[in-house]
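S.K.: Protein sequence lines correspond, in order, to chains W and Y.
Using my numbering, the letters of the first sequence correspond one by one to residues 49 to 356.
Using my numbering, the letters of the second sequence correspond one by one to residues 1055 to 1302.
These aren't lab readings, by the way, just hints derived from the structure by calculation.
Where is the CB? At the ideal position from N, CA and C, for every residue including glycine.
Simulated pairs of lysine to aspartate or glutamate, DMTMM-like, Cα-Cα distance not exceeding 20 Å: (1) Lys1215(Y) / Glu1178(Y); (2) Lys1215(Y) / Asp1132(Y); (3) Lys260(W) / Asp1132(Y); (4) Lys260(W) / Glu1111(Y); (5) Lys260(W) / Glu1133(Y); (6) Lys1215(Y) / Asp1243(Y); (7) Lys1215(Y) / Glu1137(Y); (8) Lys1288(Y) / Glu1270(Y); (9) Lys1288(Y) / Asp1269(Y); (10) Lys1215(Y) / Asp1057(Y); (11) Lys1215(Y) / Glu1133(Y); (12) Lys260(W) / Asp1130(Y); (13) Lys260(W) / Glu247(W); (14) Lys1215(Y) / Glu1244(Y); (15) Lys260(W) / Glu1137(Y); (16) Lys289(W) / Asp307(W); (17) Lys260(W) / Asp1128(Y); (18) Lys1215(Y) / Asp1263(Y).
Which chain W residues face chain Y? A few, computed with CB under 10 Å, are given here: (19) Gln249; (20) Ala255; (21) Val267; (22) Gln271; (23) Gly349.
The primary structure of each chain is shown beneath.
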Amino acid sequence: MASATRPATVRERVAASDRSIGRLLLVAAGALFWGWLLVSWVNRWLGGVLVPIGEPLVSAAAVEATLAALPGLAAYAADAAFVVELTPQLARGTWLTVVITAVSLVVGFVIAVPLAVARVYGRFSAWLSLAYTELLRGTPLLAQLFVLYYGLNLASYVPGALSGVFARGVVWVAILGFTLNGAAYQAEYIRGALESVEEGQITAGRAIGLSKLETIYHVVLPQGLRYAIPSWTNEFVYLIKYSSLAAFITVPELYYRADQVASETFRYTLIFVVTGVTYLALVLTASKLMGRVEEAVAIPGLGVEREE
Amino acid sequence: MSDGDFLRVTDVSKWYGDERVLHDVSFEMDRGDVTVLIGPSGSGKSTMLRCVNRLAEAQEGSIRLDGEEVLSPDLDVDELRREVGMVFQGFNLFAHLTAVGNVALGPRRVLGLSEADARERAEEQLDRVGLADQLDSYPAELSGGQQQRVGIARALAMEPKLMLFDEPTSALDPELIGEVLEAMHGLVDEGMTMLVVTHEMSFAREVADEVVFLDEGHVVERGPPDQLFERPEKERTGRFLERIASHD
Ligand SMILES: Nc1ncnc2c1ncn2[C@@H]1O[C@H](COP(=O)(O)OP(=O)(O)O)[C@@H](O)[C@H]1O
Ligand SMILES: [Mg+2]
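Let the hints inform the model, and build the full structure from the sequences given.
M.R.: Structure follows, in structure tokens:
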């Protein structure tokens, strides 16, 4: 069989992977970043088993003392200590950023697939789908969030069962906003991908007796969704960054927390550089992850042939 | 000449918008017959085939398949397509499925066989067209001739009572045509009823019971291959055959 076989086990994958220094550094940075986040979150959920809630995982004073003792780094000791002091806030805000992005993306996808299918294959439903996507893509996301939060006051309608999940009900409003908006963008990407599936395959599906919907499900979607992965990854990345708009409806996510500390300490540059790096780490993680997904579901000859 | 007690196409007409692409087309087949449709490009051959499995809708006329009116609005179209296999000029394989996956999809999803039974049936059909060693290859990994044989196996897996072939070899490099014709010969030997659009004259000569010449949507002439190829009655038929021959 000539098909491109992928390394099966983790060991093989590691063996097959590129071991350049840059790559190793990136992996190490990723491990450090996610290790810090996960430990911080778990510490908070378990009521501060490792360090008291709100305290950094490593002592800021110790970091400052260590750096101060090192020639050349002493000048940065105070800034480093400040950043370490900041980390509990960052970890807390990042949790909401990650949750809002992930939930909105996944639920948005579930909505986007039928929207895209309706757009390509529907008649009346194609118009509905078009109207929806144009409305949501054609108006500012922030305005949509304001309508949901201030206009419709949806936060006060969050069901009791849900309201306990997050400290603030408004988180659900943000998730709803990003879901509805993201669904429109995702639908647009998926639509393009569905349209690139050859007509002849649909004919072939119908010719063996599959109904139109069955043909879409068994023939068009498996290919179209694969084609959609690269542009869908872009939407993922956008959503991570756009999720910061939730701050404007008072959701205490990453940007909100950073802004809060900054307005108290006036150390805008340092705080937003660190916050920016945190977003960057999330974005890189997302695109790496999607690259892996794309590889894992790749089929020889389908879409862009990858260099093996 | 056939009695047409298996497939009887009577005065079928079809328009695309204002353009009439089939004019009162009639021909008939018995079970086990092989009928070859020939004609210039755009003469309506594909459209005629597609009317038989309702991928295209004829507006007038009648197509009776095994006693049932195909053009009836009450007909279960998916049921019809289960019984009529189709092979395409461009293969139209499902690009995301292996050879086995392509062939098993119909049995699994349309006939409702279990995963294992559908796979077993797919393997049998691929074996039948000489592809037992390519079961898990994806379409992109197969030659055109192999892809077309998967296309044939995919249609056969539904155990159709009629097979439609729409120029099955015209997208193939010359050296790959033989293997597809060989697979089709195999079906003829097994007694499959086949309606074939092709310009492979030697194939038509060897296996066709009747050749139907279509031009601009009209049946210009029909008859046994020897007669039609050697002593065409209509001038248009003769000219077309000369053109085809000079291409070979
Ligand atoms: N889906 C369609 N819509 C409009 N016209 C079509 C369509 N399919 C075929 N035609 C027209 O019908 C005529 C017959 O086409 P076709 O059956 O494909 O011919 P052939 O298979 O003999 O080359 C041509 O003029 C073609 O342009
Ligand atoms: Mg044709």
